[in-house]
Every structure is written in C-alpha cells, then in structure tokens.
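Engineer: Sequence:
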Amino acid sequence: MRPAVFLDRDGTINEDVGHLDRLERLTLFPYAIDAVRLLNRAGFPVVVVTNQGGVAAGLVDEGFVLELHEVLRRRFEAGGATIERFYHCPHDPDAAVEAYRRPCECRKPAPGMIHRAAADLELDPRRSYVIGDKLSDVRLAEAVGATGILVRTGYGVTQAARVDAAVDGIVVRDLMAATVLILEQQPDTFS
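Counted the way this note's numbering counts, the sequence shown spans residues 4 to 194.
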C-alpha cells in the first residue's frame with residue numbers, strides 16, 4: 004500500500020472559473036505540471052478527486068467532465084507528469100437533475116472517492132495527503148486519516164481562516180508550496 008497525493012481540481016491545479024463547461028475556459032496554474040512531476044519523482048501516485056456540482060445542477064454535461072479529464076491527463080503527461088486517475092462526484096442531494104439527486108459517499112468531504120482510489124490503486128490513505136482549496140478538502144483528509152493541506156488559490160483565500168479555526172489542516176500559498184512541504188517531509192526523496 005503506497006502513500007499518495009490526492010488533489011482537488013478547480014482552484015488547486017487549474018483556475019476556478021465557476022462551472023468549467025468548455026475547454027477554452029481551462030487554465031492550468033503555471034506550476035501545476037511541475038508540482039505533479041516532482042511528486043511523481045518522489046514516488047507519489049497523484050490522483051484527482053473533484054466534486055462536480057455543475058453536473059447535478061444541469062450546467063455541465065458529465066461527458067464533458069470525462070473529456071476534460073482526458074485532456075488534463077494528456078497535458079500533464081506531455082509535461083512529464085502523471086495523474087494516475089481522476090475521480091469525480093456528480094451528485095448533490097438538492098440536484099436540479101433528478102438522476103444526480105441523492106446523498107452519496109463520494110461527495111467531498113465524504114471519503115468515497117478516496118476509498119475507491121485506494122482500492123483501485125492499492126493506496127494507503129492514512130499515509131497520504133489531500134490538497135485542495137476548500138474546507139471540504141481538509142475535512143476529506145480528516146475522514147480518511149490523511150494530512151490535509153489547504154492552498155490559498157481558488158476559494159482557499161477565503162477558506163484559510165475557517166481551516167485554522169475549524170479543523171486540523173496546513174495552509175500554504177499554492178500547490179507548489181504544498182509539494183515543497185511534502186517533499187521536505189520525505190528526507191530520502193531524491194537519494
């Protein structure tokens with residue numbers, strides 16, 4: 004069982020533009036590919052776990068979410084970085100689209116996506132990290148026994164005070180700062 008790094012998508016690896024519904028609205032943060040490549044070199048599988056409420060609201064087609072994840076996988080791969088898998092939750096108990104209207108175990112902060120990734124990829128959540136820009140990402144880390152890191156990109160600017168006050172989490176500037184922090188905790192990373 005390997006430790007992994009679980010990344011939120013919008014606001015963590017790419018700019019949060021509301022409901023990302025077209026490829027032309029996708030803008031990766033300039034350090035995102037480098038950060039994932041560094042994590043890969045240190046031996047960490049990187050997995051994206053993302054709530055996609057826009058699907059439940061009828062604003063984004065779930066097929067587009069899958070297409071976007073394939074585009075991201077290829078972009079990272081072209082930069083020498085690997086995202087092992089993408090998991091998304093399209094559900095919401097108050098969804099406008101009836102097919103997605105239900106409580107579930109995959110909507111963050113529920114641990115379903117990480118449990119599924121752990122089973123699929125033989126990962127150890129308790130030795131892993133969850134990085135995201137929302138309190139729900141840090142709470143997800145708590146739910147699986149991982150280390151939660153909140154980035155101050157996306158919603159993280161407004162959520163940082165809530166993390167300090169509400170949960171045990173680390174707050175850093177961005178994904179690259181989180182990567183540096185993780186690598187510093189791995190003394191034999193590049194030996």
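In case anyone wonders, no lab produced these hints; they're calculated from the structure. Careful, some of the hints might be misleading.
Label pairs and their in silico Cβ distance ranges [stated by the list, open to error]:
1) G46 - T161: 16 to 26 Å
2) G46 - A81: 20 to 30 Å
3) A102 - Q189: 15 to 25 Å
4) E65 - E108: 17 to 27 Å
5) E187 - P106: 30 to 40 Å
6) R5 - E187: 27 to 37 Å
7) G148 - L26: 13 to 23 Å
Think of the CB as a built atom: it goes at the ideal place given N, C-alpha and C, for glycine as much as any other residue.
Engineer: Are the hints correct? Go through all of them and say.
Structural biologist: Status of the hints after comparison with the structure:
| no. | hint | verdict |
| --- | --- | --- |
| 1 | G46 - T161: 16 to 26 Å | violated, 34 Å |
| 2 | G46 - A81: 20 to 30 Å | holds, 21 Å |
| 3 | A102 - Q189: 15 to 25 Å | violated, 42 Å |
| 4 | E65 - E108: 17 to 27 Å | holds, 18 Å |
| 5 | E187 - P106: 30 to 40 Å | holds, 39 Å |
| 6 | R5 - E187: 27 to 37 Å | violated, 19 Å |
| 7 | G148 - L26: 13 to 23 Å | violated, 36 Å |
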